[in-house]
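Protein sequences, first through last, are from chains A and B. Our numbering numbers the first residue of the first sequence as 0 and each following residue consecutively. Our numbering numbers the first residue of the second sequence as 135 and each following residue consecutively.
Hint data in this document are derived by calculation from the structure and do not stem from the laboratory. In this text, all values refer to a predicted model and were calculated from it rather than measured experimentally. Note that the Cβ used here is the ideal one computed from N, Cα and C, for glycine as well. Each hint should be verified, as a subset may be incorrect.
[As the list claims (entries may be wrong)] Which residues of chain B face chain A? A few of them, derived with a C-beta cut under 10 Å, are: (1) Ser177; (2) Gly178; (3) Ser182; (4) Leu209; (5) Arg218; (6) Gly223; (7) Asn230; (8) Leu231; (9) Glu252; (10) Phe265; (11) His277; (12) Leu279.
[Claimed, not checked] To spell it out: a stretch of chain B is covered by chain A in this simulated footprint if at least three of its residues, at any positions, have a beta carbon under 8 Å from a beta carbon of chain A; those stretches are: (13) 185-192; (14) 240-249.
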Amino acid sequence: MMRVSKILEMAAANLKQRKLRTSLTTLGVIIGITTIIGIASLGEGFRFEIKQRMQSGFELNVLIVFPGSLTAGFGEPFTRSELDNIRNISNVNLATGMKTLASAEVYKENGTRVRALTVAGVNFSEMQQMLPKRFIVAAGNFPSENDTNTIVLGFRAGTNNSIPVVNIGENVTVSASFQVNGTKFTHNETLTVAGILIEGGTAGITNFDYWAFISSKKAAEMAGGESYQIILIQVNDTQKASQTAREVENTFTNPYRVSVFVPSSFEQQVDNILNLLQIFLTAIGAISLLVAGIGIMNIMTVSVMERTREVGILKAIGAKSRTVLSMFLAEAITIGIIGGLIGIVTGYGVSYGLASMLSSLIQPQQQQNTLLSTPEREPLTITPKFTPEWTIGAFIFAIVICVIFGLYPARKASKLNPVEALRYE
Amino acid sequence: MSAILEVHDVRKSYRLGGIPVPALSGVSFNVMRGEFLTIFGPSGSGKSTLLHLLGGLDRPDAGKILIDGSNILELGDNDLAQLRLTKIGFVFQFFNLLPRLTALENVELPLVIAGLSEKETLERARKMLKFVGLEAREKHKPHELSGGEQQRVAIARALITNPAIILADEPTGNLDTKTGREIVQLMKNLNEERKQTFIVVTHDPQIAQEAHRTVHLKDGLVETISENKPPTRNQ
Chain A
0 MMRVSKILEM AAANLKQRKL RTSLTTLGVI IGITTIIGIA SLGEGFRFEI KQRMQSGFEL
60 NVLIVFPGSL TAGFGEPFTR SELDNIRNIS NVNLATGMKT LASAEVYKEN GTRVRALTVA
120 GVNFSEMQQM LPKRFIVAAG NFPSENDTNT IVLGFRAGTN NSIPVVNIGE NVTVSASFQV
180 NGTKFTHNET LTVAGILIEG GTAGITNFDY WAFISSKKAA EMAGGESYQI ILIQVNDTQK
240 ASQTAREVEN TFTNPYRVSV FVPSSFEQQV DNILNLLQIF LTAIGAISLL VAGIGIMNIM
300 TVSVMERTRE VGILKAIGAK SRTVLSMFLA EAITIGIIGG LIGIVTGYGV SYGLASMLSS
360 LIQPQQQQNT LLSTPEREPL TITPKFTPEW TIGAFIFAIV ICVIFGLYPA RKASKLNPVE
420 ALRYE
Chain B
135 MSAILEVHDV RKSYRLGGIP VPALSGVSFN VMRGEFLTIF GPSGSGKSTL LHLLGGLDRP
195 DAGKILIDGS NILELGDNDL AQLRLTKIGF VFQFFNLLPR LTALENVELP LVIAGLSEKE
255 TLERARKMLK FVGLEAREKH KPHELSGGEQ QRVAIARALI TNPAIILADE PTGNLDTKTG
315 REIVQLMKNL NEERKQTFIV VTHDPQIAQE AHRTVHLKDG LVETISENKP PTRNQ
């Protein structure tokens, strides 16, 4: 039996003989693999970036409960007993309420406004347990349980370009306006700055950069009662977060009374969408490789016809059908290997080029500051990800395509009648 | 003296436009071991068809072809290929060298197909080229060689596996008279030195004369078998 090394050597020599034809055929494979690898590595990079941002924006084990629903609008704040009902659910480790003061503003003693866009009354120790990686002071301390005369500022509220605008121990005035039965009245309270939170990072519901926190007792005092606009729930098992969310909804008799935001399922959905998008784009790459395969078949069919006499000679001097088959197939596989390897390199090259182009296109938008979002600070940077699975997969795919489309012409060559082949001019 | 090749009532016809055209209509003869035999006849007499059948390149419609006593028509395609590789060497009118390969590589080809080591292949190919007097031309491609030189390369290729039978189809048909005579002389020398059986198809009566025996073929039938000289046996 003919040696494999010899078969490959002869295949390479044959391909070299027809340089232009070989390079054009290989180019088809290169384009296909470049597309697949480019899309895959960009997609993986994009997914990674999104995941990172979601993880830094949300604690995946924390559910966020709002009163009301998208269809019914914001409802009445939650009551203490509603919070207690949630605390009784088995997967709930911790539940804490936040009371946001509507249109509250914070002023320094000299009258300048502190950039705290939301003022919320919280239980500081519960908040620290709830968000151990985020609810941390950069300067000062969290107030003790009974200390109601202090305030903690978010990073952006307390600093300007990382330079503190308020000193720890300085007094500020919180001015909250309320409407009761159509009459508007304002409640002013002077509080001492106890601490400034660390920087929140990217946007998310639990990014508190533009927030200010006071004790829930003080908030209740200012707003005239204990109630919560937001309830944060820490679950024991993140896997069961969606189920827990349903249980939370079930503690309310009116389904429109409550909306539960589940970051982990949100993340799952975003991941699913990205997956779908990536499959779709990869399919385009696969189709281009299929086209390349048809090109290989076309060229090889012509090549077999041209080399009919050669096949006759080979058979006459004792080459078996399968030897002829493997000689032609080796040429197709060689194209697959070379095209695949070059395609992988150019694919990653193209993805890096595209990534920097895309990153400069997707700049952070100018957003208004709302309860749920704070402006993006960092531009979105997509770094293509090298994944061995995709790389090996694409390489194998290239070879498989070449084998499939090379098989027909190679079989045709191997089945040639030697006498007729020798007579072929 | 034993027969290396026995042909029994071999028949073969081709279909041309749906009409069967007989090429061989019952051919029988024997070829002795170490014999130099020519198959002589006008064009269209079925010489080439017969040669292809003898070499296992094609299959007859009926009849038997025995090589060393075993019927090659009972062999499968792979075994036939193996037979061509090990027991038979072909020499063609149009040389049929691979144009891409050098003289040396062309001679090596059967051993490459057989899967022999590179070292042995090279050694044997060099020796064979020297045997046909082309050791200085081993790096030349076929188009850089004269017709006579190309046919010598083809003969070297046919002989490299040391086959028992060499089949030559009009080996001088594409050469001038002088070169043709040289090629015939080369084959005769090889026949005498190496004791290999040569079966040469020709329509040139002068070449036919050179053989021990000549099978005269006409219209697909053996007309006569003439003895030209007593066969030189085991000398």
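Hint-by-hint comparison with the structure:
no., hint, in the structure
1, Ser177, "violated (14 Å)"
2, Gly178, "violated (15 Å)"
3, Ser182, "holds (9 Å)"
4, Leu209, "violated (12 Å)"
5, Arg218, "holds (4 Å)"
6, Gly223, "holds (8 Å)"
7, Asn230, "holds (5 Å)"
8, Leu231, "holds (8 Å)"
9, Glu252, "holds (8 Å)"
10, Phe265, "violated (18 Å)"
11, His277, "violated (14 Å)"
12, Leu279, "violated (16 Å)"
13, 185-192, "holds (count 4)"
14, 240-249, "holds (count 6)"
Checked against the numbered hints above, the structure violates hints 1, 2, 4, 10, 11, 12; every other hint is satisfied.
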